[in-house]
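A.B. asks: In order, the protein sequences belong to chains G and S.
The numbering of the first sequence is the numbering used here, which starts it at 1 and goes up by one.
The numbering of the second sequence is the numbering used here, which starts it at 1 and goes up by one.
Hints are computed from structural coordinates only; laboratory data are not their basis.
Quick reminder that beta carbons are idealized off the backbone N, C-alpha and C, glycines included.
Don't take each hint at face value.
Derived pair list, reagent style DSBU-like, types lysine-lysine, alpha-carbon separation capped at 35 Å [stated by the list, open to error]:
hint, chain 1, residue 1, chain 2, residue 2
1, G, LYS76, G, LYS111
2, S, LYS189, S, LYS134
3, S, LYS189, G, LYS182
4, G, LYS182, G, LYS279
5, G, LYS104, G, LYS121
6, G, LYS257, S, LYS231
7, G, LYS258, S, LYS182
8, G, LYS258, S, LYS240
9, G, LYS188, S, LYS182
10, S, LYS182, G, LYS21
11, S, LYS240, G, LYS182
12, S, LYS257, S, LYS131
13, S, LYS257, G, LYS255
14, G, LYS22, G, LYS76
15, G, LYS182, S, LYS165
Computed beta-carbon distance windows for the label pairs [claimed, not checked]:
hint, chain 1, residue 1, chain 2, residue 2, range
16, G, TRP73, S, GLU275, 53 to 61 Å
17, S, ALA76, G, LYS279, 57 to 65 Å
18, S, GLU275, G, ARG287, 17 to 25 Å
In silico negatives: residues of chain S with every beta carbon more than 12 Å from chain G [claimed, not checked]:
hint, residue
19, LYS55
20, SER67
21, TYR138
22, ALA276
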Amino acid sequence: MPILETQELTYVYSPGTPFEKKAVDNVNISIEKGEIIGVMGHTGSGKSTLIQHFNGLLKPTSGRVLLNGRDIWEDKTKIRDVRFQVGLVFQYPEYQLFEETVFKDIAFGPKNMGLSDDEIKRRVYETAHDIGLSEELMERSPFDLSGGQKRRAAIAGVMAMEPEILILDEPTAGLDPAGRDKILSHIKAYHQRTGNTTLIVSHSMEDIASFADRILVMNDAGLFCFDETVKVFSRSEEIAQIGLDVPQITRVFDKLKKRGFDFGKEVYTVEYARNLLLKKLAEREAR
Amino acid sequence: MNNIIEIKNLHFSYEPTSENENPPEVLKGIDLSIKEGEFVAVLGHNGSGKSTLAKHLNAILLPSQGSVIVDGIDTADEDKLFELRQRAGMVFQNPDNQIVSSIVEEDVAFALENLGVPYEEMRRRVDESLKAVKMYKYRLHSPSQLSGGQKQRVAIAGIIAMQPKCIILDEPTAMLDPSGRKEVMATIKRMNREQGITVVLITHYMDEAAQSDRVVVMDSGKIVMDDKPEKVFSQVDVMKNIRLDVPQVTELAWELKKAGYDISPEIISEDECVEAIIRLMSEN
Chain G
1 MPILETQELT
11 YVYSPGTPFE
21 KKAVDNVNIS
31 IEKGEIIGVM
41 GHTGSGKSTL
51 IQHFNGLLKP
61 TSGRVLLNGR
71 DIWEDKTKIR
81 DVRFQVGLVF
91 QYPEYQLFEE
101 TVFKDIAFGP
111 KNMGLSDDEI
121 KRRVYETAHD
131 IGLSEELMER
141 SPFDLSGGQK
151 RRAAIAGVMA
161 MEPEILILDE
171 PTAGLDPAGR
181 DKILSHIKAY
191 HQRTGNTTLI
201 VSHSMEDIAS
211 FADRILVMND
221 AGLFCFDETV
231 KVFSRSEEIA
241 QIGLDVPQIT
251 RVFDKLKKRG
261 FDFGKEVYTV
271 EYARNLLLKK
281 LAEREAR
Chain S
1 MNNIIEIKNL
11 HFSYEPTSEN
21 ENPPEVLKGI
31 DLSIKEGEFV
41 AVLGHNGSGK
51 STLAKHLNAI
61 LLPSQGSVIV
71 DGIDTADEDK
81 LFELRQRAGM
91 VFQNPDNQIV
101 SSIVEEDVAF
111 ALENLGVPYE
121 EMRRRVDESL
131 KAVKMYKYRL
141 HSPSQLSGGQ
151 KQRVAIAGII
161 AMQPKCIILD
171 EPTAMLDPSG
181 RKEVMATIKR
191 MNREQGITVV
201 LITHYMDEAA
211 QSDRVVVMDS
221 GKIVMDDKPE
231 KVFSQVDVMK
241 NIRLDVPQVT
251 ELAWELKKAG
261 YDISPEIISE
271 DECVEAIIRL
281 MSEN
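One chain only, chain S, in its complex shape (with noise of 0.2 Å):
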């Protein structure tokens, strides 16, 4: 499999300013690549520099030092900017913030329109990306009277009809409640598996990147760990110590451990916890 996203030694810190002539670096060498059709998670609390990576995917930001290639297009690259955006495309934490037409069917079609898509292509691209986030019988409704989670489906269908190969979701989830949550998470799971999507979910929410193939976790500018998901939130110390927490059933796990029982650390999922204590009860 290809590297769809290679980034090595990327160094950020915004612009000096009047106010603050000497900003802190935000990123400090940061090394990652990403495979074709992978599902990567990136963890961090707020200020880990989690986001600020993520704009660095589709060009929001720029490195200061060291580079992002995103299949085959360096980000710094001005003339290759509209190529790359349409092969990585971006979801905003706030669904309020990214829809701009009245009607959903024209805000899907909103960057084909853009980009010169012919009109029949567009009708096909954007009825198909609505039924692949379930929208499709809202087309004609207006976005004022969605749900959260609906909105943000219809900021994802927006994407997908732009056809990417990558798309990076910064805290998709963080505004809604648990329906939309559970939308949301579908979707972009749909996504990744059906149509091959490469996948980047920023989110601080343990059991959405207990979903993924693979875990990122940053703390202060810097990637401190990178594994699957089991092996990262086994690290319970690890996790605890930069302010992350970790699934509840991994830190039960953890616990039992500690205390002397025979049980993985790596368990992820409510039903290897059951099964567990269910082993541990009926021992001896």
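The following block holds chain G by itself, in its conformation from the complex (with noise of 0.2 Å):
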């Protein structure tokens, strides 16, 4: 059984008003426990919309939204456990923290899940660990520390709940590439040690190429697609047509097609591109 699932979603924003508009049009998807997957579409595409409805922010228009079988309105008292079981990380999460200590920020989501005094302890410095935070800046203000520092803490924040699903929305926007690359590695410790589902939105294919298994593209409130990442690169140039951001190694691998030079295989990293032009280059001086 999938872990999530959605059924003919479709929502639309300020109906019966002359702002009407369908943000999601008609969603089917379903996502199977332990996977990552991400999630891409420009800018009003819809995913921002369709990412809400997975933890019970926004009430679908029409059509369902199942979570491990179970329709998350189907007893709208029950919504509050929904938001337990998949947590969700905005864009910009450092603006949240609120709170005195580190400790005490990222504690604040298991404390309002009633847990003891111990286990949340154990959430939080597993979490802080996965997330690359030591021990000393527990109890510091979370305002004095630096801007990924920042980031990594407010996401800990919604791990440390450890919810069957997490979702984080461009958990890498305004980073630099060594900031970038960090907090990638540590979502994928933390994916590691709990087995959990990720979803990870990004505009930029690259960020999620190398370990997302799966990428959704949403376009126009629609599914553009949702497939395997290497089948989703093989139609890189609808992707960039849709303004999304193609690696720049797979346009050249693409433009080398058309030139007549089929290497036969999706290229989306330099290493990738290395060891194939290698190998070709050695066949061609044997022959």
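Make the complex out of the two chains shown on their own, each in a separate frame, by following the hints.
C.D. replies: Structure follows, in structure tokens:
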């Protein structure tokens, strides 16, 4: 049974007003437990609206969202539990830090779940370790941290609730390459330890290419595609046309293909391109 | 060509506070001259001092030691502060922090009103600036209805309207999506080419730096490289050492060269890379 499923999910903003806008249009997807999913789409494509349905922040205009096979809106009074099961990290989550210490900030979610002090402590330290925040930072004010540390502390606050599904909305926005790689590798570490289903929203295929199992692409409120990473990359030209970033190296190999040099593979990392070319060049020399 | 920016032996540290009596030096002796009309990209990871350097160019920060001269004005000269800021405008990272008005054209006119520019002249400059960034048809919109890229272009229009000689952009695309980034880069390049405005672009996107005339690389408060983009990026080892990326095509060329193939390490564009690979595959 899929952990998360949508059936004919549709959402309309401001229905019946001049500003009426269909933001999600008949989306059917199904996600298995433990998967890492990349979610892509340009600004206004409906991806943020879509993910806000996954933990019940938005209620479908029509259609259903199923968590472990149950409609999350079946019993309205249980929607709070859904928010504990599906953790959503917003864009620029560091703006939401508010506690006196980093420890208290990360502990805020687990505390609201009514957990024991020992359990809270375990979770805070474990997630802090996953996300790369050292123990001596725990008693500092979150506002004294560096920008990258703040972002990681805010992410840890959601991770510490140990949601079955963790959704991160553009966790690398505004970071430099080193900061971006760091966050992504820590998210990977969290996923490896917990095995929890993880969704990462991004504009950049480069960011998610190396570790997403599948990529979901939204365009104009509809599902453009939802497929294995390598298959999505085979449509890189269409992806670029709908306003998304395709890795430079992929564009080079697309151009090579047009010029009659078809390597028969989808290339999206430099390492892969290097190995592929070295092999082909060696083959040529051997002939 | 005259130097529009002349930085000599610039050192900077923040004022000591009760919590931190010995703040570290953020800039450690910067010497840099930029010619009128140049398009210079400043690269560096977070904390390298690149934004601190940018803030010295229109006197948001003043040197602890050394001097910064912009278009003949010493930035430490308080009497000429307004004049300096007219000649060197600045665009920041977050589009939402720079919009002050509820109507696009009023936002662009904001600085001109403060400068006391006569109405007719103001009207003309606002229209021209909005056309230059291709936002004229949005002149009566509310900025809240605009995308991030559009807001940044409005912020740039507000600067162009002051008719500056130089514009400093501090990571203007960091918070934008790919199409927003493309719009803003196209605007910056056009402004440099068509109006001859000197551009200093602070960025951590290698593909943006690759489009400039000259790349200045900063690390730990110092300039570590200053050259044409293809020369800078071909130093893949040095760049990786200071935690910077190079364009993927440059990295690929460098890897192939290391493996013994005859390929230029100074490849920075996709087309150059495609041609080089085709040549390698067709040789012998």
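A.B. asks: With reference to the structure, classify each hint as holding or not holding.
C.D. replies: Do the hints match the structure? See the list:
1. G:LYS76 <-> G:LYS111: Holds: G:LYS76 and G:LYS111 sit about 23 Å apart, inside 35 Å.
2. S:LYS189 <-> S:LYS134: 13 Å, holds
3. S:LYS189 <-> G:LYS182: Judged against 35 Å, a Cα distance of about 32 Å means the pair holds.
4. G:LYS182 <-> G:LYS279: 31 Å, holds
5. G:LYS104 <-> G:LYS121: Given that 35 Å is the threshold and the Cα spacing comes to 10 Å, the pair holds.
6. G:LYS257 <-> S:LYS231: 29 Å, holds
7. G:LYS258 <-> S:LYS182: 24 Å, holds
8. G:LYS258 <-> S:LYS240: 32 Å, holds
9. G:LYS188 <-> S:LYS182: Since the Cα atoms of G:LYS188 and S:LYS182 sit roughly 30 Å apart, the hinted pair holds (cutoff 35 Å).
10. S:LYS182 <-> G:LYS21: 26 Å, holds
11. S:LYS240 <-> G:LYS182: Distance of about 15 Å is within 35 Å: holds.
12. S:LYS257 <-> S:LYS131: Judged against 35 Å, a Cα distance of about 46 Å means the pair is violated.
13. S:LYS257 <-> G:LYS255: 21 Å, holds
14. G:LYS22 <-> G:LYS76: The given pair, whose Cα atoms are some 24 Å apart, holds under the 35 Å limit.
15. G:LYS182 <-> S:LYS165: 39 Å, violated
16. G:TRP73 <-> S:GLU275: 53 to 61 Å: 57 Å, holds
17. S:ALA76 <-> G:LYS279: 57 to 65 Å: 60 Å, holds
18. S:GLU275 <-> G:ARG287: 17 to 25 Å: Since the Cβ atoms of S:GLU275 and G:ARG287 sit about 23 Å apart, the hinted range of 17 to 25 Å holds.
19. LYS55: 16 Å, holds
20. SER67: For S:SER67, whose nearest Cβ neighbour in chain G is about 29 Å away, the distance exceeds 12 Å, so it holds.
21. TYR138: With a cut-off of 12 Å, S:TYR138 remains clear of chain G, as the shortest Cβ separation is near 16 Å.
22. ALA276: 10 Å, violated
When held up to the earlier numbered hints, the structure conflicts with 12, 15, 22 and fits the remainder.
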